[in-house]
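Asker: Chain A is fixed; fit chain B onto it per the hints.
Residue numbers (the working numbering), protein chains in the order written: chain A, 1 to 463; chain B, 1 to 447.
None of these hints come from the bench; they were simulated from the model.
Cβ atoms here follow ideal geometry from the backbone N, Cα and C, with glycine treated the same way.
A few of these clues could be false.
In silico contact screen, one side only, chain A against chain B (beta carbon under 8 Å); selected entries [stated by the list, open to error]: (1) Met-39; (2) Glu-47; (3) Glu-54; (4) Gly-65; (5) Ala-70; (6) Thr-188; (7) Gly-229; (8) Ala-372; (9) Gly-376; (10) Gly-377; (11) Thr-402; (12) Arg-406; (13) Gly-459.
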Amino acid sequence: MTSGGLLEPEVAERVLARALAAGGEFAEIFAERRGGQTMSIDESRIESVQAGDEEGAGVRVISGGTAYFAHVDGLDPADLERAATEAASALRGERREHRPLTAAATTPQPVERRPEDVPAERKAALLRELDERGRATGAEIAQLTASYAEARREITVANSEGLLTADDRTRVRIGVQTVARRGDTVETGAETLGGHRGFELFDGDPGTIAEQAAGKALTLLDASPAPSGSMPVVVAGGFGGVLFHEMTGHGLEADHIQKDASVYTGKLGEQVAQPLLNAYDDGRMPNEWGSDSIDDEGAPTQKTLVIEEGRLTSFLYDRLCAGRDDVASTGNGRRESFRHLPIPRMTNTYIAPGDAEPEAMIAEVKRGFYAASFAGGQVEPATGDFVFGVSEGYLIEDGRLTRPCRGATLVGNCLDALAAIDALGSDFEMKTGICGKGGQRVPVGTGQGHVRIAAMTVGGTEA
Amino acid sequence: MIELATRAVEATLAAGATDAEAYAASDTGREVRVHDGAVESLTAATQRGVGVRAWIGQRGGYAYGTDLSDDGVSALADRAVAMARVADEDEFAGPPSGGEPAATLELSDRSVVEWPAARLVELAIAVERGGLDADPRVVAVEQAVCADSAEQIAIASSSGVAGEYESSSCHAYLQALAEGEGGKETGLGFGLARGPAGLDPAAIGREGGERAASMVGAGKPQSRSCPVVLDATVAASFVSFLGGALGATAVQRGRSPFADRVGEEIGAEALSVHDDGLDPEGFGSAPFDAEGTPRRRTALIESGRLRTFLYDTYTARRGGVSSTASAGRGSYRSQPAVSPSNLVVTTGALEFDRMLAAAGDGIYVTDVAGLHSGVNPVSGIFSVGAAGRTIRDGALAEPIREFTIAGDLVSMLKAIRAVGAEARWVPFGGSVSTPPLLIGEMAVSGS
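Chain A extracted, bound-state conformation (with noise of 0.2 Å):
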């Protein structure tokens, strides 16, 4: 992708010159059109079907360290004049002149077949077969609700600095949600399949996602509560690595940073785990559900590595904060829509795989808690307090699993349990989430091999 994409060069250099009309170290035009479709089925119905088509610019001036932002809807030339001048209302100073527009190229993440060239039907027909292999997974199963969501959004960013670029972002996604139920027991299992690409993801057996969202169901119609306690846990790979997202990821962002408002202040340098942990932010991973070619300020995305062998070597940054700073941006600045201002995000977030057996890593615990996979995770950054709600848990004793166990929750504060990962398994896998932070939604993956925390604080409810 070569050129301006969403806004023609002599337009928005006269937008950026009405942003700065009164002042201002920068400005800054978002231009976007994003549209997408969703269906579901429930009740072996397909349900809920529904297209949208939106656009919109926001325009952010900079002046004093302080953002002056304006959205407006649609992306004609007075659109974005009027998101200009709104945003320039405040400021009271002399006119800036801005640098002459350069195009700068990008490479997309490719799309082999798009996802809005495939009749809506075949996406049905998907749903349908995701409704009946989950549902085929076992008697027991009494409730299936399956979801597909295509989104596309085209951006285009121009700055004062001369900088034009643009990306084309085009995601797919699948969820499946299952109820067992066996009397008065009732359980449920869930498991998601995206990516940043087209509808060829779907090409090899989707349908083992609804098998797999059955299985984790079916499994604790068996399941005893949990345990109560601080234990060690081994937590699997995947959408376990929510667990380092959490944990570690969230408190890395530049803004909690530089308030003071993360317990990785002032940390740059040094030991916050055991060595034998690396830890990254890569936003170029191909196809990755977190990847994109460009952050949402235009700087191209990275492959950050913010821990090396147990150090701090990195934290993650957007514009704003990087310049602050003193450093580059790494690529994070990432906003949701062109109604929000982009803050200091993660993309797909990862702790390396290291050299265990994830086998010998259970077999190495007396009694402990295995979490096979969790249903999200919450953290406090300033004061590093975590809570992770466990979907499908295991009771380790003696080196085995021997029941699976409902309604945990593992909570623990970052610094601690970050320095108390003693094992890391040899295998490897990313999986899709959905952070919100500041209000703002945004796609991010997880992902890890199995990891092992020698002391947490399970919290279940066995008397």
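Answerer: Relative to chain A, chain B alone:
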């Protein structure tokens, strides 16, 4: 706005739908974020869009967009009809029937329009100062935010719905940071009103500062089963979870722990909860719901007994009952779905100090985390991260954090021993008014 909605309905019928409904929304809003006495960001927002439901017989489809020209609306109408063709037939699908709103509500405050942005900035700075002044241990405010908005909503349908209204709202909050032995602690303070003139910035700031300071030096409690007092913000989270489980969609599709239990005792006698879409204090109030059905008051739980579920048009048809006007939607980008308007827990007689005395030895929970992942809405089983204070000899003692409270919703409602006397409106995950609740026993997991 009603003109736009009507035009969209006509376009959808012209595109081949047998029935159509359009929901048009427009809003303007402002948001100020301040830190350390300076403005971090000042946002001015305008948005306007329309969402259309099309039915072809008993198949329904949805499309939304921001291109409101005749061509844009007509393209949107075509898409809605195309979406309907993909859906399977559903005998209960069809347009809402509407009705006359029972009341006129005053939902707008002039200060949203009259206050210049500079005054909103002053308010946010006053919130931050209130946090810093609350306690010497408050070292910073991570962010203080103040935002207001005014919106217009219009709904029209081929089945006779035609209505519009305006409303405004304003909120402010802060995250205060206190420091002391054991590191940093955070505290949230918030307030909401119809306009900025209705907010008390000093009180909002003080709440955040005091909450943060009260947590300084927090340790971990022992794992045990004990009485738990939920403060109003935490109680609201559980009430909101309860409201979801009482939605007819979850009930009819076998995904609610309360299915088939109307008329039964599902909670302690002290518990009464109603949904009131017309409560003048409630931020979920409107003359009609998201598909044009006049809002009303619905008793959900009376003295512990389950009275009814919440219904929109679809679930009401399917259940053979009337809609409780419980269709909600986040914006024109989403189809209506069953959700509470304002959930109100009837206050009891027990003042806070007496509630602590009644608890004796237990735990006072002021914050919960991980509700989106730690709660199973189908089974009602939950385990969430928590923070608060120890209750010893009937009074608040040392702060505690990094523990979980766990149980299941049905048992928890039955274990309610007392309902507090002082209610508060809480806007997280819906609009809820509730006092603190004393739960006789809950599982606490710490060290």
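Asker: With reference to the structure, classify each hint as holding or not holding.
Answerer: Hint check results:
1. The criterion of a C-beta within 8 Å of any C-beta in chain B is met by Met-39 of chain A, whose closest approach is roughly 7 Å, and the hint holds.
2. The closest approach between the C-beta of Glu-47 of chain A and any C-beta of chain B is roughly 6 Å, which is under the 8 Å cut-off, so the hint is satisfied.
3. The beta carbon of Glu-54 of chain A comes within 5 Å of a beta carbon in chain B, closer than 8 Å, and the hint placing it at the interface holds.
4. The beta carbon of Gly-65 of chain A comes within 6 Å of a beta carbon in chain B, closer than 8 Å, and the hint placing it at the interface holds.
5. Look at Ala-70 of chain A: its Cβ gets to within about 4 Å of chain B, closer than 8 Å, so that hint holds up.
6. Taken as an interface hint, Thr-188 of chain A checks out: its beta carbon lies about 5 Å from the nearest beta carbon of chain B, inside 8 Å.
7. A cut of 8 Å between beta carbons decides the hint on Gly-229 of chain A: the least distance to chain B is about 5 Å, and the hint holds.
8. Violation of the interface hint for Ala-372 of chain A is found here, the shortest Cβ-Cβ separation to chain B being roughly 15 Å, above the 8 Å cut-off.
9. About 3 Å separates the beta-carbon of Gly-376 of chain A from the nearest beta-carbon of chain B, less than 8 Å, and the hint is met.
10. Because the beta carbon of Gly-377 of chain A sits about 6 Å from the nearest beta carbon in chain B, less than 8 Å, this interface hint is met.
11. A hinted interface residue such as Thr-402 of chain A counts as satisfied when its beta carbon comes closer than 8 Å to some beta carbon of chain B; here the least separation is about 20 Å, so the hint is violated.
12. Interface hint at Arg-406 of chain A: satisfied, since its Cβ lies 6 Å from the closest Cβ of chain B, which is below the 8 Å cut-off.
13. Using the Cβ-Cβ criterion of 8 Å, the hint placing Gly-459 of chain A at the interface with chain B is satisfied: the shortest such distance is roughly 3 Å.
Violated hints, listed in ascending order, are 8, 11; each of the other numbered hints is respected by the structure.
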